[in-house]
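S.K.: So the chains spell out like this:
There are 2 protein chains.
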Amino acid sequence: MRLEQQIISLLRAVCGHGLHSLHEPRFQGNELRYVEDCIASTFVSSVGRYVDRFECELADFTGAQRAVAVVNGTAALQVALQLAGVESGDEVLMPALTFVGTANAVHYLCATPHFVDSSFDTLGLDSVSLGDWLKHISERVSNGIRNRQTGRRIRAMIPMHTFGHPCDLDGLLALAQDYRLQLIEDAAESLGSYYHDRHTGTFGLLSSLSFNGNKIITTGGGGAILTNDARLADHAKHITTTAKKPHRWNYTHDEVGYNFRMPNINAALGCAQLEQLSGFLASKRRLAARYTQAFAAIPQVRLMREPAGCRSNYWLQTLLLDETVIDHKDEILQATNNEGLITRPAWTLMHQLPAYQRCPRAPLPTAENLARKIINVPSSAGLV
Amino acid sequence: MRLEQQIISLLRAVCGHGLHSLHEPRFQGNELRYVEDCIASTFVSSVGRYVDRFECELADFTGAQRAVAVVNGTAALQVALQLAGVESGDEVLMPALTFVGTANAVHYLCATPHFVDSSFDTLGLDSVSLGDWLKHISERVSNGIRNRQTGRRIRAMIPMHTFGHPCDLDGLLALAQDYRLQLIEDAAESLGSYYHDRHTGTFGLLSSLSFNGNKIITTGGGGAILTNDARLADHAKHITTTAKKPHRWNYTHDEVGYNFRMPNINAALGCAQLEQLSGFLASKRRLAARYTQAFAAIPQVRLMREPAGCRSNYWLQTLLLDETVIDHKDEILQATNNEGLITRPAWTLMHQLPAYQRCPRAPLPTAENLARKIINVPSSAGLV
Numbered sequence: 000m001r002l003e004q005q006i007i008s009l010l011r012a013v014c015g016h017g018l019h020s021l022h023e024p025r026f027q028g029n030e031l032r033y034v035e036d037c038i039a040s041t042f043v044s045s046v047g048r049y050v051d052r053f054e055c056e057l058a059d060f061t062g063a064q065r066a067v068a069v070v071n072g073t074a075a076l077q078v079a080l081q082l083a084g085v086e087s088g089d090e091v092l093m094p095a096l097t098f099v100g101t102a103n104a105v106h107y108l109c110a111t112p113h114f115v116d117s118s119f120d121t122l123g124l125d126s127v128s129l130g131d132w133l134k135h136i137s138e139r140v141s142n143g144i145r146n147r148q149t150g151r152r153i154r155a156m157i158p159m160h161t162f163g164h165p166c167d168l169d170g171l172l173a174l175a176q177d178y179r180l181q182l183i184e185d186a187a188e189s190l191g192s193y194y195h196d197r198h199t200g201t202f203g204l205l206s207s208l209s210f211n212g213n214k215i216i217t218t219g220g221g222g223a224i225l226t227n228d229a230r231l232a233d234h235a236k237h238i239t240t241t242a243k244k245p246h247r248w249n250y251t252h253d254e255v256g257y258n259f260r261m262p263n264i265n266a267a268l269g270c271a272q273l274e275q276l277s278g279f280l281a282s283k284r285r286l287a288a289r290y291t292q293a294f295a296a297i298p299q300v301r302l303m304r305e306p307a308g309c310r311s312n313y314w315l316q317t318l319l320l321d322e323t324v325i326d327h328k329d330e331i332l333q334a335t336n337n338e339g340l341i342t343r344p345a346w347t348l349m350h351q352l353p354a355y356q357r358c359p360r361a362p363l364p365t366a367e368n369l370a371r372k373i374i375n376v377p378s379s380a381g382l383v
Numbered sequence: 000m001r002l003e004q005q006i007i008s009l010l011r012a013v014c015g016h017g018l019h020s021l022h023e024p025r026f027q028g029n030e031l032r033y034v035e036d037c038i039a040s041t042f043v044s045s046v047g048r049y050v051d052r053f054e055c056e057l058a059d060f061t062g063a064q065r066a067v068a069v070v071n072g073t074a075a076l077q078v079a080l081q082l083a084g085v086e087s088g089d090e091v092l093m094p095a096l097t098f099v100g101t102a103n104a105v106h107y108l109c110a111t112p113h114f115v116d117s118s119f120d121t122l123g124l125d126s127v128s129l130g131d132w133l134k135h136i137s138e139r140v141s142n143g144i145r146n147r148q149t150g151r152r153i154r155a156m157i158p159m160h161t162f163g164h165p166c167d168l169d170g171l172l173a174l175a176q177d178y179r180l181q182l183i184e185d186a187a188e189s190l191g192s193y194y195h196d197r198h199t200g201t202f203g204l205l206s207s208l209s210f211n212g213n214k215i216i217t218t219g220g221g222g223a224i225l226t227n228d229a230r231l232a233d234h235a236k237h238i239t240t241t242a243k244k245p246h247r248w249n250y251t252h253d254e255v256g257y258n259f260r261m262p263n264i265n266a267a268l269g270c271a272q273l274e275q276l277s278g279f280l281a282s283k284r285r286l287a288a289r290y291t292q293a294f295a296a297i298p299q300v301r302l303m304r305e306p307a308g309c310r311s312n313y314w315l316q317t318l319l320l321d322e323t324v325i326d327h328k329d330e331i332l333q334a335t336n337n338e339g340l341i342t343r344p345a346w347t348l349m350h351q352l353p354a355y356q357r358c359p360r361a362p363l364p365t366a367e368n369l370a371r372k373i374i375n376v377p378s379s380a381g382l383v
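Respectively, the protein sequence lines represent chains Z and Y. With numbering that gives the first Met the number 0 as the guide, the letters of the first sequence map in order to residues 0 to 383. With numbering that gives the first Met the number 0 as the guide, the letters of the second sequence map in order to residues 0 to 383.
Calculated from the structure, these hints are not laboratory results. Note that beta-carbon positions come from the ideal geometry of N, C-alpha and C, so glycine has one too. There could be a bad hint or two in this list.
[Said to hold, decoys possible] Here are the simulated DSS-like cross-link-like pairs (lysine-lysine), alpha carbons at most 25 Å apart as the crow flies:
id: 1; chain 1: Z; residue 1: 243; chain 2: Y; residue 2: 328
id: 2; chain 1: Y; residue 1: 243; chain 2: Z; residue 2: 244
id: 3; chain 1: Z; residue 1: 328; chain 2: Y; residue 2: 244
id: 4; chain 1: Y; residue 1: 243; chain 2: Z; residue 2: 328
[Claimed, not checked] Take a look, some chain Y residues computed to stay more than 12 Å from chain Z by CB distance:
id: 5; residue: 23
id: 6; residue: 264
id: 7; residue: 343
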């Protein structure tokens with residue numbers, strides 16, 4: 000049997016018949032009740048108790064001291080970077096293997112993404128090659144480090160927890176400390192993922208979450224900033240709500256802010272989703288086990304497993320093709336999608352996008368290799 | 000009787016007893032039905048038929064060729080300006096008397112707001128004083144006009160229809176043509192307002208609407224871009240949805256985009272609200288007539304009426320204090336708010352905000368005078 004037919008058979012064995020999208024949300028809790036209550040209250044918009052509740056419950060669940068709900072994950076990351084001191088003209092280290100939102104958030108601040116390599120073990124930033132690269136290109140200056148090749152300050156790094164798998168935070172935190180870089184986690188994909196028993200998104204100075212429709216829980220569109228620094232959390236809340244100074248009637252703004260608040264009606268959906276998160280996580284672990292078992296039948300394909308010492312949310316289930324069959328990737332994508340088993344490859348790597356191809360970058364052998372090997376397969380909670 | 004007590008009596012005569020907020024939304028249509036249907040479909044997020052429907056119905060209602068639904072009015076304005084060719088380093092003319100979002104949208108593009116004066120007749124940009132100012136400060140260059148005082152190109156103007164009252168579009172369009180400026184309407188407040196029988200927001204190259212919780216219709220949070228140029232509409236849709244190239248599985252982005260799409264669940268709310276818009280507009284006209292009649296009883300205060308030849312949506316009902324009583328403004332605000340009749344003054348003028356106080360500006364005698372005279376009073380649809 001051809002490889003793509005074998006893969007279809009194995010996916011069918013796990014998912015069953017019919018159409019299976021890559022990731023669809025599941026609304027079997029209090030979604031409608033909370034949304035109904037929200038509409039009845041007339042507070043559907045910028046203030047309301049569901050926003051407050053969602054923020055408290057996110058902080059509780061993740062163990063972060065504070066959560067600030069915003070309009071999406073990209074906005075969360077943009078504000079996190081700004082509050083971490085990223086300024087116009089700075090460079091920010093990030094994986095080439097990420098969703099474009101990571102690079103866009105840096106671009107919106109008039110800073111420059113600087114792409115570095117990923118690790119086979121985690122799919123996230125590789126601290127070893129990053130350490131070598133920084134030794135090679137950086138020099139210490141009074142306010143941190145400078146890229147000798149571009150002359151620009153390197154201000155921060157953004158590890159991203161790819162498809163929910165935690166990256167090597169210990170190694171990256173050590174580098175951040177050594178090179179005086181701010182570490183901001185892009186935890187858009189990793190709600191429910193733990194690095195050594197501690198929730199991802201609680202290691203960086205600030206981090207971002209996403210609740211887009213394809214995420215493990217959804218608010219329609221939405222995101223959040225996590226931080227353990229109360230002062231930064233207050234500032235995040237302030238600038239994501241147009242920086243309006245509190246006053247009963249005056250409309251004055253004490254700095255440039257953003258209209259990035261999460262509407263109360265979206266937070267109502269989020270509160271209901273959060274109640275079901277532990278069930279979603281259990282379902283996704285079952286699905287990962289089932290895929291692992293199924294794909295043991297063929298040596299050319301394996302399921303990406305959570306990194307050692309970590310607990311992944313398995314947001315997107317990820318097949319890794321063996322080196323010997325990477326030329327079949329397009330046929331596999333074509334055949335599975337034609338079959339109604341929705342799959343997709345890794346994102347186009349950031350340094351290959353027209354907007355970012357002239358950005359600084361390290362050698363990217365692993366990211367480029369992974370991009371040829373990754374196929375995401377149907378991953379919805381409730382599939383098994 | 001003291002003036003503030005007289006005003007409270009007149010407001011009470013119109014609004015009745017109890018607490019009256021400045022503007023609360025009204026959900027008495029299909030809101031719950033559509034939101035329920037949206038949740039049941041699982042398409043709550045970035046794609047879905049309520050977004051398509053909301054965009055079509057907005058275009059139908061306004062007479063614009065196309066509408067693109069986005070996450071809020073500020074995002075709509077930012078994208079409209081970008082598509083109109085506003086670039087980093089440009090100046091953009093706008094009223095000093097506006098909500099801070101107008102200035103922020105320009106700032107996000109690394110351009111500079113340039114504040115000009117308003118008119119007593121419309122509360123919006125004064126085309127006569129703007130014409131004088133441009134004659135005084137601008138010089139023609141190959142790609143448009145330059146501000147002789149700053150050396151920067153002046154690229155566009157943003158008339159804003161204050162509290163729903165259409166500004167002098169004929170005068171401003173003539174200036175825009177004469178000085179080769181793009182005209183982008185900030186129609187955030189003027190859904191349902193017409194300038195000489197044509198809907199506001201359809202005169203500029205592009206324009207922005209807002210559906211924030213306090214607007215005449217709400218989607219929780221949301222906005223839209225209007226344009227009569229299909230190519231610009233397609234481009235607006237593309238860059239507000241991360242500039243992803245259409246493909247069944249590949250994730251490639253051909254320029255820097257934004258995650259600015261309106262979630263389907265918010266559009267579901269919007270579709271239900273739009274069905275009730277004509278009723279809201281009728282109610283607000285009744286309210287304006289009642290306030291006008293009531294305040295005829297005292298000579299020191301009058302209600303702002305729609306400009307000649309225009310039909311205003313009367314989004315926020317606006318009292319104008321007579322010159323002789325402007326020193327009483329704070330007492331009136333204090334007394335009415337204490338009484339549960341929620342009122343507020345004009346926004347702090349843009350050139351008085353810390354972030355924008357060093358921006359270029361024309362003399363602003365009328366804006367400064369209006370800021371001392373304006374008091375917005377309870378304006379919800381359904382109040383009478």
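S.K.: Hint by hint, which ones does this structure get wrong, listed from lowest number up?
M.R.: 2, 5, 6 and 7
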